[in-house]
Amino acid sequence: MTPDLLAARLAGIVGQEHVLAQERCAQYAVDGKAPTAAVFPATVEEISKVMRLASSERLSVVPWGSGTKISFGGIPERVDLLVGLARFNRVIEHEPADLTVTIQGGALLREVQAYLGQRGQFLPLDPPLAARATIGGILATNASGPRRLLYGAARDLLIGLRVVHADGTATRGGAKVVKNVSGYDMPKLYIGSLGTLGIIVEATFRIYPLPAVERTWVASFPDGEGASSAVAEMLAAPIVPSSLELLSSPAAQSVARLAGLSLPQGHVALASSVGSVAEAVDAQLGQIKRISERNGAGGGFLLEGDAQERFRTAISEFMPGERNGRVGAVLKASVVISKVLEAVRRGEEIARAVGLQSFAICEAGSGIVRLHWTNNAGEPGVAVEVMAKAIEALRDSIVREGGNLVVMSAPPALKAAVDVWGPVGKALPLMQELKQQFDPHRILNPGRFVGGI
Amino acid sequence: MDKSKIVDELAAIVGREWVISDADELIVYECDGMTYLDKAVPDVVVLPDTTEQVAAVVKVCDREGLAVVPRGAGTGLSGGALPLKGGVMIGLNRMNRILEIDLPNQRAVVEPGLVNIALTQAVRDHGYFFAPDPASQTASSIGGNVAENAGGPHCLKYGATTMHILGLELVLSSGEIVQVGGKTLDVPGYDLTGLFVGSEGTFGICTKVIVRLVRQPEAVQTLLASFRGIEEASEVVSTIIAAGIIPSALELMDRHIIRALEEWLHIGYHEGAGAVLLIELDGPAAEIAAQARGIEGICRTQGVLDLRNAKDDQERALLWKGRKGAAAAVGRITHEYYLQDGVVPRTKLPYVLREIEAIGRRYDFLIANVFHAGDGNLHPLICFDSRREGELQRAIAAGAEIMKLCLSVGGSITGEHGIGMEKIDFMPLMYSPDDLDAMRKVRNAFDRTQRCNPGKLLPTSKSCVETSVAYRPHRIEREGLAQRY
Ligand SMILES: Cc1cc2nc3c(=O)[nH]c(=O)nc-3n(C[C@H](O)[C@H](O)[C@H](O)COP(=O)(O)OP(=O)(O)OC[C@H]3O[C@@H](n4cnc5c(N)ncnc54)[C@H](O)[C@@H]3O)c2cc1C
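As they're listed, the protein sequences go chains P and R.
Under numbering that gives the first Met the number 0, the residues of the first sequence are numbered 0 to 452, in order.
Under numbering that gives the first Met the number 0, the residues of the second sequence are numbered 0 to 484, in order.
In short, the hints are calculated from the structure, not lab data.
Keep in mind it's a predicted model, so treat the numbers as computed, not measured.
Just so you know, not all the hints are guaranteed correct.
What the hints assert, rightly or not - Stretch by stretch, here's where chain P covers chain R in the computed footprint (C-beta under 8 Å, at least three residues): (1) 49-62; (2) 146-153; (3) 220-227; (4) 304-312; (5) 420-430.
All residues carry an ideal CB built from backbone N, CA and C; glycine is no exception.
Hey, can you work out the whole structure from these sequences and the hints?
Below, the structure written as structure tokens:
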């Protein structure tokens, strides 16, 4: 099908004004591959029709939320058609007293939070780049953030969803009630599937009341050991922090600068948040401070309100590479909780050896280590092959300890030189079979998922 | 097939004493906790001790084209462990070891036959617990909990089993052993662990489970609030949730339950109580003190008759004894009961409970209610007497109406007991043919042969909704002992 004919067929489905063709969709390139057309449907029926067309023409499709995580995943084999969800941006159903909400896949998390916030509630998802992320994109990438410690991640919050599959079939999975074991737990299938099984058009979540008071204690430690043993003690104590963020010293300096705090050079930071009624917040922060001091903390800051918000945004938007115009790579390692510091250290050593700087932001209570690798200010970038080797070396050491490492974001040249996902072992045939069942012609995001799925 | 040859082969794998093939002994395995519908006897029961033995047994089944039915403790309430097509039942009771307890990382690795409570017992003194707490926790196996995605009173706060399972070792229908998930979060790839939880034995057999251990709370407070009727009580439930208070458990019992319990266990419920709420709060002391004040305020403005606060562990245990004994107490006042399991949005509870009462009147059954009110998970007990002609069928019909009622308000046909064979014909009422097809695709990906626990969870054909709602004839109907009307 010629590009013009494709654009015309799409316009026939959604209307001329919701189709972009050829050079007009350059901004929607994925790893440098621009689609032939971009289409912005408004209804499930329209998406179904678009998918039927794509399916019969074997056009590869990239579902697109807002693009904040579009650099995630392997380099797509082909990019023909972009299906944008910008017009799927409504809250469909919200019954405050049931603590559930149903939202369209293209809705911006920020807008959902603003809406729920007026009713004293929130969806406890706080992924990186939260300000621009969409619900569907967050689910497809299983993006999570600091507050996962208390509230869980997408898999713990999503209770129902609606998906349009490669052949245009629209299905629902799960339900709108918080407890449900009728049939397979279909919502789990799509979380983290990176748009390779279907397009998430609607999602129902369990939501939570906003805590009456929320405060964060940012303690600085002269070394990682102190912070790390403080984390272990906090986790073993009967306190319930909503997040425990460990920042390596370069990361702590960057975040502090953005948040308007001043932390001693060379110190690592541990930010512990507690949300509850005021008495309970103060009592728990008191314990957190005592534990921190016992483990050598050299002081800290109590944050709330706007200052706390600034600090959170600094973490969510953390992107040190952009400072000097060169983005390195963002890596995410998952390790057991007790190995967080070790992963940070290994990341620093390996990066340093090849002339890179490593900034670590860790969800220390969940074992998630985010590493931002970037060239040192003023120095030239590091060759792609060198960086790829360094990533593999770090991955090896993390996998040996039972963890995993995924490249979250990297320039296409680097992605071409490294497996962004790492090994998935003997489970791969099962995953390939799932893909085969749902998308036999491999039109949805081909090549971007594990094992080349 | 030559049964005796297969029995010999299985005996060579697990040892002669761990193979059961005598008709007399097989009777033990003819049903699980769902005793009133079909029964089915497996051809052979095998009790393996290791993953490798499970895999070897499954390979034999694969070669012979035999159905494979995993069984934990057999407490399932939807007929999940019924070997509807015969074949080999794999009992996992011997595989009940705790392989690893890793407190700093809040993980344990266990075998599937481990009884739920045993894990909490093993870590209790260190300040941890395994959160899923089905009422059957002293008997049911963690493998069974995984397969059913079991719930329990405290999953209001802590979530159902799925939130506590991080990784599994699986034996697929080919006999292949596969690890999915792990001790860490976010293992790359599709969430096979999450998919397996709740798959009711139809994807294969889980032979190892990596679970999350949870820190014990600083404090626990247990309240019993008495109300004139179930409507007042259920309205308080949604007011509590709407106020942003999430107790760790929020259970409701109606007047039938209260009476039956009082006659039996003498809990000392308030005299005028037509419904009670058992409310448990846990967490930091200062937090639950504030929550308790909030709940007290709500109860007072919504007509509470009496609000009792357990002074100590002993009184707390007494209040829970009532809740835990509720079904048994009903068992004392009726010949038998049909326990339903459905879910509704919490705001719909007052309406739905009224309608259930009306269903009881229409069918002329006493329907007692004791349930996980905090998450809208109903457990109506339909009291009947199968010795009276047609009552079983009527009880089942009343149960079907309750399920339809749950669906009519946007709920679910099961909150924790699963579909099994009991509710298989109701799936088309909740899901469209395309929705069910999507589930079939997942099933095909895990078990193309369809020999893992056949006849469960998914209706086989896209049968017409109306005809499929009717129950398959019960044994007593087939034997001409009773008629449906
Ligand atoms: C008195 C009583 C109270 C109950 N209370 C609750 C409650 O509060 N909440 C709740 O959720 N349930 C409850 N149940 C139901 C039941 O206990 C749960 O469903 C439990 O999880 C079943 O565990 P089991 O070991 O008995 O499994 P079984 O009954 O043996 O099997 C259940 C299903 O799991 C499959 N299975 C078992 N082991 C494995 C394995 N290793 N791998 C793959 N599949 C497997 C079986 O094939 C079957 O389909 C109750 C039951 C009773 C009798």
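Here is how each hint holds up against the structure:
1. By the rule of at least three residues with a Cβ nearer than 8 Å to a Cβ of chain P, the coverage given for the segment 49-62 of chain R is violated, with 0 such residues.
2. Requiring three or more residues with a Cβ within less than 8 Å of a Cβ of chain P, the coverage given for the segment 146-153 of chain R holds, as 3 such residues are present.
3. Coverage of the segment 220-227 of chain R by chain P is violated. Counting CB-CB distances below 8 Å, 0 residues qualify, and the rule asks for three or more.
4. Counting residues of the segment 304-312 of chain R whose C-beta lies closer than 8 Å to any C-beta of chain P gives 0; at least three are required, and the coverage claim is violated.
5. Look at the segment 420-430 of chain R against chain P: 4 of its residues bring a Cβ nearer than 8 Å to a Cβ of that chain, three or more, so the hint holds.
The structure shown violates the earlier hints numbered 1, 3, 4.
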